[in-house]
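There are 6 protein chains.
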Amino acid sequence: MSENRLEAGKKTFKKVTGDVGEKFLDNLKEVAPDFADYLVEFPYGTIYSRPGLDIKTREIITLSSLATQGNAAIELKAHIKLALNAGIAREQIIELFMQISVYAGFPAAVNAMLAAKDVFNELDRK
Amino acid sequence: MSENRLEAGKKTFKKVTGDVGEKFLDNLKEVAPDFADYLVEFPYGTIYSRPGLDIKTREIITLSSLATQGNAAIELKAHIKLALNAGIAREQIIELFMQISVYAGFPAAVNAMLAAKDVFNELDRK
Amino acid sequence: MSENRLEAGKKTFKKVTGDVGEKFLDNLKEVAPDFADYLVEFPYGTIYSRPGLDIKTREIITLSSLATQGNAAIELKAHIKLALNAGIAREQIIELFMQISVYAGFPAAVNAMLAAKDVFNELDRK
Amino acid sequence: MSENRLEAGKKTFKKVTGDVGEKFLDNLKEVAPDFADYLVEFPYGTIYSRPGLDIKTREIITLSSLATQGNAAIELKAHIKLALNAGIAREQIIELFMQISVYAGFPAAVNAMLAAKDVFNELDRK
Amino acid sequence: MSENRLEAGKKTFKKVTGDVGEKFLDNLKEVAPDFADYLVEFPYGTIYSRPGLDIKTREIITLSSLATQGNAAIELKAHIKLALNAGIAREQIIELFMQISVYAGFPAAVNAMLAAKDVFNELDRK
Amino acid sequence: MSENRLEAGKKTFKKVTGDVGEKFLDNLKEVAPDFADYLVEFPYGTIYSRPGLDIKTREIITLSSLATQGNAAIELKAHIKLALNAGIAREQIIELFMQISVYAGFPAAVNAMLAAKDVFNELDRK
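Chains as they are written, first to last, in our numbering: chain A, 1 to 126; chain B, 1 to 126; chain C, 1 to 126; chain D, 1 to 126; chain E, 1 to 126; chain F, 1 to 126.
Just so you know, the hints here were simulated from the structure itself, not pulled from any lab data.
Be aware that one or more of the hints could be misleading.
All copies of an identical chain are treated as equivalent in the list; a pair is satisfied when it fits inside any one copy or across any two copies.
To be verified - Below are the DSSO-like pairs computed for lysine-lysine, each with C-alpha atoms no more than 30 Å apart in a straight line:
no., residue 1, residue 2
1, Lys14, Lys81
2, Lys15, Lys117
3, Lys29, Lys10
4, Lys15, Lys77
5, Lys15, Lys126
Owing to the predicted nature of the structure, the values given are computational and were not obtained by experimental measurement.
Chain A extracted, bound-state conformation (with noise of 0.2 Å):
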């Protein structure tokens, strides 16, 4: 196991994702401890731990592949989130999914949209 790389994505991971990620982390660990790793240390300790884009790019880019393939709610959920904690304002995140009607289709970017207002309904009532 390469040290380096999961300490640093342990870092990333907890800082790009917070309470969001250790849950889901836990949750996965139980049937795949070791898939757990390397999503810790590949995804997060390589990928996004590199210099050439900002976590606010990078939170862009994921949210995008997401909304396009529009079979994973949970962690589309997940990345409205982390989008939200980068800095992405509401207006940017539903502006984002507008676009991606272009690209992906209507239904993809109003399933998108909805799980949005999810996210922002729960934080608005905490």
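Fit chains B, C, D, E and F to the supplied structure of chain A, relying on the hints for placement.
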């Protein structure tokens, strides 16, 4: 036909796509003239013309969506050029596609990178 | 905003979607009011309002596209209702989804059929 | 092997696909002879031979599914020819693909239109 | 109807799917009785009954395809049970989904693992 | 950089992919040198190097995933060669793709078979 949206779309389309777009549009018009107008009017006159996100961010969204889908090679290459025109560096485009590997898999990422390579080589030969 | 297209869209949207659409649209408007207008204006005011294909054929196209994508259950159920409203028989909707098994696989076809079953049962309970 | 279904499939396949289908089938048989029989037997001898939908409607379903998937260019071009043979007008095929832009995005729609353009040009040169 | 293929399919279907399959089939028959027969006849009576690959390998192919598509949660859970019945270990199923992360991305892999976790927990409670 | 994983990856990559992989990697390195290392390190040094599944099974998983996605022709052809190198017979590869028709549709299956045919012909010419 909504003259204002279409006119706004023509301006935005020209600014964003330059010569790349004009040739594409002429090609499309031969078989689907109304749709060529809709394409100018809705994606460009409506979505890209909105103030909520700058053009750099819009190209990042588009590249992420197209690379994720992985079956729109022509559109992807066109938008790689448009991203460069918008001021996104070559290294950032490759960085973006690296991150796509996490969400849409390595083959989608590699195919997007090789499409970028083709575009970069084409530009260098000019 | 293109008043004519938007107005035409509102009429077509009301005629095609009835109460199903209105509730959906109110839900969407809370988070994305501009996009709710675009959705009325482009799919309904622009595409569905064109004379080239009748509404039955348009619903067949939409059901085929949504069943193929397999990740837009809400939209699929809504359009199953709209297809019934347009005069397509229940048996024809099932027949359509049978054919989808050839092009998009048996799971996509079965999921669409079970969505249709839910809609039929809901209508029978009323 | 179900002789009746296979024989029914051969007739339907010939009627629907004509020369387009025969060449395709010979090509497939070289590597997968059993599967070539299944393809005649299931899609054509079973699904397309059912009375519930006419052949025009079946081609509309197929074009919608293939254009939505966006990665089966050869099959899409073949079925554009079959749709023309079934009496669907060129303008209606383009109209169909316009509507796909709403559900599967503009790139999928444009790619299908450009495939149609290739087929139309090929037929006009004959 | 091809009696032989259908009869062969019923035997293979029963052997492979056990009680999981019967309930599913009864559910499907209510809305699509002919298609329920085709599903027994083609996937099970035709494909799964062929000698070229053993049932373990066939379940590996199916799990890989379903996890890659990422939008057939019910089918995926059913086939996780069938894979266990065929003698594939829980650890191997997780191992398979790890590899899917490379080709279809981390969200598809994680979703498949969490589906497996649900199935394992359900079996452990019995 | 994790030297151990990268070194393990280089060995596994060489063993699994032979000359096919080296050329591909050199091509990728020109535009994305870091990512070429990640590709060796994660899929090969991390996933393929794990003991849980043998290399034959791993190639079956990969072929199933790539054929299902249907838009990674280059990767699919490369892995057809790697599957043959791993000792999977040509007939088994075709058998695998037959089964894909059930889950991802006939066009995805046919396209994979025709890709296999190209690879078989290329090998026979040598």
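Now for the hints, and whether the structure bears them out:
1. Lys14 / Lys81: Classified as within: same-chain Cα gap 14 Å, cross-chain 35 Å, threshold 30 Å.
2. Lys15 / Lys117: The answer is both: 24 Å in one copy and 27 Å across copies each meet 30 Å.
3. Lys29 / Lys10: Answer is both; intra-copy 14 Å and inter-copy 28 Å each pass.
4. Lys15 / Lys77: For Lys15 and Lys77, only the intra-copy Cα distance (17 Å) is at most 30 Å; the inter-copy one is 34 Å.
5. Lys15 / Lys126: The answer is within: 21 Å in one copy meets 30 Å, while 40 Å across copies does not.
When each numbered hint is compared with the structure, no violation occurs for any of them.
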